[in-house]
Amino acid sequence: MSTNDQNTELYGILAEFKNPKALIDASEKVVEAGYDKFDTYAPFPIHGIDKAMNLPKSKLGWIVLGHGLLGFSGAIAMMYFMSVIDYPINISGKPFFNAPAWVPITFELTVLLSAFGAVFGMFFLNGLPRLNHPLFNVERFKKATDDGFFVCIEATDSKFQADLVRQLFEEAGATHIEEVYD
Amino acid sequence: MSHKPTITDSLKFSADSKIPQVLLGVGVIGLILSAIGAYTNTDQFLFSYLVSFVFFTGIALASIFMVMFHHITKSKWGVVVRRIPETFGSNMKWWTIAFLPILGGMTILYHHWTDPTLFDPNSPNFDYIVAKKEAYLNVPFFIIRQVIYFAIWGFVGHKLYKASVELEKTGDWGITTLMRKVSAPAIPIFGLSIAFASFDWLMSLDPHWFSTMFGVYFFAISFQSFWAIMILMVFFLHRNGYLKNTIGQAHIYDLGAWLFAFTVFYAYIAFSQFLLIYYANLPEETLWFYHRLEGGYEYIAYGLLLFRFALPFLVLLNREQKHKRSVLAFVAIVVVVIHFFELHWIVKPAFYSEDAHGLSFSWMDFSTFLGLGGIFFWLFFNRFKQNSMIPENDPKLDECLEKTYHQ
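Chains as they are written, first to last, in this note's numbering: chain A, -7 to 174; chain B, 337 to 743.
For the record, the hints were derived by calculation from the structure and aren't laboratory data.
Please note: incorrect hints may appear among the correct ones.
[Said to hold, decoys possible] No farther apart than 20 Å at their CA atoms in a straight line, the calculated lysine to aspartate or glutamate pairs in the EDC-like style are these:
(1) K412(B) x D734(B)
(2) K86(A) x E621(B)
(3) K43(A) x E504(B)
(4) K469(B) x E620(B)
(5) K51(A) x E656(B)
(6) K49(A) x E656(B)
(7) K348(B) x E504(B)
(8) K43(A) x E738(B)
(9) K86(A) x E634(B)
(10) K29(A) x D42(A)
(11) K86(A) x E620(B)
(12) K739(B) x D42(A)
(13) K13(A) x E634(B)
(14) K86(A) x E630(B)
[What the hints assert, rightly or not] Beta-carbon label-pair distances, calculated as ranges:
(15) I433(B) x S50(A): 52 to 60 Å
(16) I480(B) x F112(A): 53 to 61 Å
(17) L117(A) x E656(B): 17 to 25 Å
Ideal Cβ placement from N, Cα and C applies to all residues, glycine included.
Turn these sequences into a full structure, and let the hints guide you.
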């Protein structure tokens, strides 16, 4: 897998750690060394890993808010066009601009578009959907869904130097270090 | 991970604190003033008293409910604050006495169905709709129901508090089983008794009107203000130097999240009740809202939308806001105040007299509120100082203390 012929290029260096605690310590060290293009992989969510990785606050909330407001105003605009402008019908003497009756649809569309914003915004921010990932070239990486805790520093990082990265991982106590090729 | 968290605070509420005496003083003065009011204007007194009574009873009932679902779900998030609702609930048995003025004045408060001529087909007062409801709306059955409610509430509140104190004294973790055994059957019984109590106290003020979800509505408004009261109680204790390191940021955040959740629940329930009636447009049902959307009451109705839903919702939506103390305290105070106005809005339009049409406030609204509130919180602190302020020796206390806020 890791044979380096002319068609492949280095994606990054992957290191395995013993347990969640070691993973958190390692990502703190990686941040300290000044890398920012790296990611951690674990079989389950680890509390505090986002802090250790120095991740910025997710932008997803703003995407959801935007979609929610779009759903809210879109619903009102739609109903206003339908029941006031285009085809006003007198329903038991109630006004055409019938605010209480419009609440359920406004609510539904707000929630629907917010949910779309949350799901597809998450896809977008994660770069999904994609069919393959260079990390899948590593046989060992299958452990990430079972008992493996990994850190991968990507080659596109401006500070990336293979020997320095290896050295850093060794100092952080990695149990296994491997180069990942695309 | 396995170290035992240590508690650095003193866990006893100071026995010579002046707070209970002050509250008793406020309560007695309020009740004396109200008694004078009862003598000069009995009708006004009864309606004012009903609002205040329902306000505090609702909080006590929500307290017992919270303790029960805390036990039944084996929760650990709120062990450090659980003694506060337990103490509120434990006083339910004494709180029964506060219901007596309503029982004494029921022929005035509920004259729309207690008047016997309403049921007599030959009388000019005969009311076909009310006569059909005679099986439920009659004085003896009303009294029997009240006895049942207060017996259940008094018993459960007393039992849960007693069990918690016993667990603290003996350290016997087997008592948690007893707590669950009491809570599990009591939750549905409680749900029904709260619903029927709200029908009896509030809905029957206008016996033509009915709303099948009124019980849930009463539950929702009481519970939302209960969380607000909880937040204010915790801040009050902190301010007086109690439990500063025991009830931490994570626990306050949880209370804020509950307040937010019940804000949404309240809005859902209250609006659903309104929308169905508005849309169906049946005269029998709409009249209740009609009276509450005219004569100045519409301002309270719009105020409910703004201050009971929109403001708490938008302010607490953001995660960061829920652990800012000043923000939480502000929202909690707004919710408590608007809860009083909402009950006023439910009760008062049923009260028509020569000199009070439309939105009006009497000084007795406030004197009964201070009177009952003073007594309610005096009872609370009186019991609160007898035992620890947190349930010591609770099996989940350590986990609760360890809880930290994850940014």
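Consistency of the hints with the structure:
Between K412(B) and D734(B) the CA atoms are separated by roughly 9 Å; this keeps the pair inside 20 Å, and the hint holds. Only pairs whose Cα atoms come within 20 Å are accepted, and K86(A) paired with E621(B) is accepted, the gap being roughly 16 Å. Only pairs whose Cα atoms come within 20 Å are accepted, and K43(A) paired with E504(B) is rejected, the gap being roughly 38 Å. Our distance criterion of 20 Å between C-alpha atoms is met by K469(B) and E620(B), whose separation comes to about 14 Å.
A threshold of 20 Å between alpha carbons decides the hint, and for K51(A) with E656(B) the separation of about 15 Å falls inside it, so the pair holds. At most 20 Å may separate the alpha-carbon atoms for a hinted pair to count; K49(A) and E656(B) meet this at roughly 12 Å. Distance hint between K348(B) and E504(B) is fulfilled; the C-alpha atoms sit about 13 Å from each other, no more than 20 Å. With a C-alpha separation of about 19 Å, the suggested pairing of K43(A) with E738(B) holds against the 20 Å cut-off.
Taken as a hint, the K86(A) and E634(B) pair is honoured in the structure, with Cα atoms around 18 Å apart against an allowance of 20 Å. Proximity of K29(A) to D42(A) is assessed by CA-CA distance (about 14 Å); at most 20 Å being required, the pair is judged to hold. A distance of roughly 18 Å separates the Cα atoms of K86(A) and E620(B); the hinted pair therefore holds under the 20 Å criterion. Between K739(B) and D42(A) the CA atoms are separated by roughly 18 Å; this keeps the pair inside 20 Å, and the hint holds.
Simply put, K13(A) and E634(B) have alpha-carbon atoms about 59 Å apart, too far for the 20 Å limit, and the pair is violated. Between K86(A) and E630(B), the direct Cα distance comes to roughly 17 Å. Compliance with the 20 Å bound is thereby established for this hinted pair. At roughly 54 Å, the beta carbons of I433(B) and S50(A) sit within the given window of 52 to 60 Å. Separated by about 58 Å at the C-beta atoms, I480(B) and F112(A) satisfy the suggested range of 53 to 61 Å.
Range check, L117(A) to E656(B): about 20 Å between beta-carbon atoms, so the 17 to 25 Å window is met.
Figure legend: structure checked against the earlier numbered hints; hints not met, in rising order: 3 and 13.
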